Amino acid sequence: MKREKAIIVEVYDRYDSDWEIQESIKELLLLSNSAGIEVSEQVTHVKRGIDPGFYIRKGKADKISKIASRNGVDCVIFDVDLSPSQARNLEKVIGKKIIDRSGLILDIFAGNARTRQAKTQVELAQLKYMLPRLTRYWTHLSRQEGGVGIGLRGPGETQLEVDRRNIKKRIKKLSDTLEKFEKRRITRSKKRKDIFKAALIGYTNTGKSTLLNAITKANVLVEDRLFATLDSTIRRVKFKNQFDILLSDTVGFIKKLPHHLIASFKSTLGEAKDADMLLHIADITHPKLEEQIFAVNEVLQSLNILEKPTIMVFNKLDILRDERVIWQTKYEYPNAVFISALRGIGLSHLVQEIVRFAVRNLVDDEVVIPFSKFKYIDKIKKIGKVISTTFEDEHICVHYKARKEDLGRIKNILDNNIE
8 MKREKAIIVE VYDRYDSDWE IQESIKELLL LSNSAGIEVS EQVTHVKRGI
58 DPGFYIRKGK ADKISKIASR NGVDCVIFDV DLSPSQARNL EKVIGKKIID
108 RSGLILDIFA GNARTRQAKT QVELAQLKYM LPRLTRYWTH LSRQEGGVGI
158 GLRGPGETQL EVDRRNIKKR IKKLSDTLEK FEKRRITRSK KRKDIFKAAL
208 IGYTNTGKST LLNAITKANV LVEDRLFATL DSTIRRVKFK NQFDILLSDT
258 VGFIKKLPHH LIASFKSTLG EAKDADMLLH IADITHPKLE EQIFAVNEVL
308 QSLNILEKPT IMVFNKLDIL RDERVIWQTK YEYPNAVFIS ALRGIGLSHL
358 VQEIVRFAVR NLVDDEVVIP FSKFKYIDKI KKIGKVISTT FEDEHICVHY
408 KARKEDLGRI KNILDNNIE
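According to our numbering, the sequence shown is numbered sequentially starting from 8.
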């Protein structure tokens, strides 16, 4: 299929450095490429205030129109969110399809959605985005449904009104479907409450899925594309000391991620909210490392989980060329773990840190089990961590650690099955 050609427009603040502008352009190019768009030219615009009608000045829009005609492009992509009226006005002046940042990200989401839940989330976000922009998407607005007749007054409904009502109905249906997904997720989470849960979070394309594969051998899709992962992948990991955890991968974050998109992916991000701890994966080689960390923390703040226990994990150590970056990052994040998920560097240290954190809040206990009930040791292992088993003359003494709230559960299991 032929790729669409586009001009990208990077809008920057007058206080931004040349380096910051170039990095923003690189990210916009990556987003465009992930959407399958071929970028033919780049345009920059310094923001000295926002024009309510065009966002940029009309004179700049006229210049972009000439560039678009000369290059024969299909669309113009703006690295900002435009109001419906601004996009409509720009479309009239430039004469090409206008795509803003939210529209571009939604297009990528649509291309990467694989499960029913992800597809539902994406469609809901698209319809919410489309609803106030209907006059741009529909070309048949002048047609009328209804008319003069018995029981009818006035000209009837415009097609726009019919479409708007149908979209609202669809939004309601999709919202109800997502609510069912959320209830199922909460039910599953309750069933898994006795297992320690860790969630991988981070900026898009930092290597979260690669890390999940490295630790769990899950064969999760790994691509060098933005937002390649939209669905939560959850895997049970059994470490050598027989301590189990649930490890989940989540959708990647990005700067200027609109809040309405975050809300649409509430079910997917729910794994991060349910987790006992977060593993914040960052790309140590990225020139905008701190900005990416800040963008992720902003999303965590909006989800009210910024204060959740977190291990900072700096990935892609194998392609880092400047060792001074490591020392500087270690100084700023003294408790961080440095790894290469692709090469397996530092993974044993990361696993040790996860286990150390998981067992930190466990309490010690001992139970005595007759030899005939040996199988119930496995029940204890599923809830807590068995430290040792001592075989004596008539019974087994089991020393274990478990969360304080789980001690009663273990006691009930043993009391009901062991005389």
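Rather than coming from a laboratory, the hints here were simulated on the basis of the structure.
This one's a predicted model, so the numbers in the text were calculated from it and none came from an experiment.
Even glycine gets a Cβ: it sits at the ideal position worked out from N, Cα and C.
Do not rely on the hints blindly, as some may be mistaken.
[Said to hold, decoys possible] Distance condition first, Cα-Cα at most 30 Å in a straight line; then the derived BS3-like pairs of lysine-lysine: (1) Lys337 to Lys33; (2) Lys126 to Lys65; (3) Lys245 to Lys263; (4) Lys67 to Lys54; (5) Lys337 to Lys197; (6) Lys388 to Lys204; (7) Lys380 to Lys411; (8) Lys9 to Lys190; (9) Lys176 to Lys187; (10) Lys33 to Lys99; (11) Lys337 to Lys262; (12) Lys54 to Lys9; (13) Lys73 to Lys99; (14) Lys295 to Lys179; (15) Lys9 to Lys33; (16) Lys197 to Lys392; (17) Lys179 to Lys73; (18) Lys315 to Lys389; (19) Lys12 to Lys224; (20) Lys9 to Lys245; (21) Lys262 to Lys245; (22) Lys389 to Lys280; (23) Lys263 to Lys99; (24) Lys388 to Lys280.
[As the list claims (entries may be wrong)] Have a look at the derived ranges for each label pair, beta carbon to beta carbon: (25) Arg95 to Gly118: 45 to 51 Å; (26) Arg121 to Ile384: 37 to 43 Å; (27) Val358 to Asn419: 29 to 35 Å; (28) Lys280 to Asp329: 14 to 20 Å; (29) Thr396 to Ile202: 18 to 24 Å; (30) Ser395 to Arg363: 51 to 57 Å.
- Query: For the pair supplied as a hint, Lys337 and Lys197, is the alpha-carbon distance within the 30 Å limit?
  - Reply: Roughly 37 Å between the alpha carbons, so the hint for Lys337 and Lys197 is violated.
- Holds or violated: Lys33 to Lys99, with C-alpha atoms at most 30 Å apart: holds, 28 Å
- CA of Lys9 to CA of Lys33, is that 30 Å or under? Distance of about 23 Å is within 30 Å: holds.
- Task: Sort out whether Lys245 lies within 30 Å of Lys9, counting only the CA atoms.
- Result: violated, 47 Å
- Task: Look at the Cβ atoms of Ser395 and Arg363 and judge whether their distance stays inside 51 to 57 Å.
- Result: violated, 19 Å
- Beta-carbon spacing of Arg95 to Gly118 - inside the hinted bounds 45 to 51 Å or not: violated, 25 Å
- Message: Lys388 and Lys204 were given as a pair; does the straight-line alpha-carbon distance stay at or below 30 Å?
- Response: holds, 16 Å
- Has the given pair, Lys176 with Lys187, been kept, meaning a C-alpha gap of at most 30 Å? The hint holds at about 17 Å.
- Message: Tell me if the straight-line CA distance from Lys179 to Lys73 falls inside 30 Å.
- Response: It is violated: about 42 Å lies between the C-alpha atoms, which goes past 30 Å.
- Could you grab the alpha-carbon distance between Lys73 and Lys99 and see if it respects the 30 Å cut-off? holds, 13 Å
- Item | Distance restraint evaluation - Arg121, Ile384, Cβ atoms, bounds 37 to 43 Å | holds, 40 Å
- Has the given pair, Lys380 with Lys411, been kept, meaning a C-alpha gap of at most 30 Å? Distance of about 24 Å is within 30 Å: holds.
Going through the hint list in order, the structure does not satisfy hints 2, 3, 5, 8, 12, 14, 17, 19, 20, 21, 25, 28, 30.
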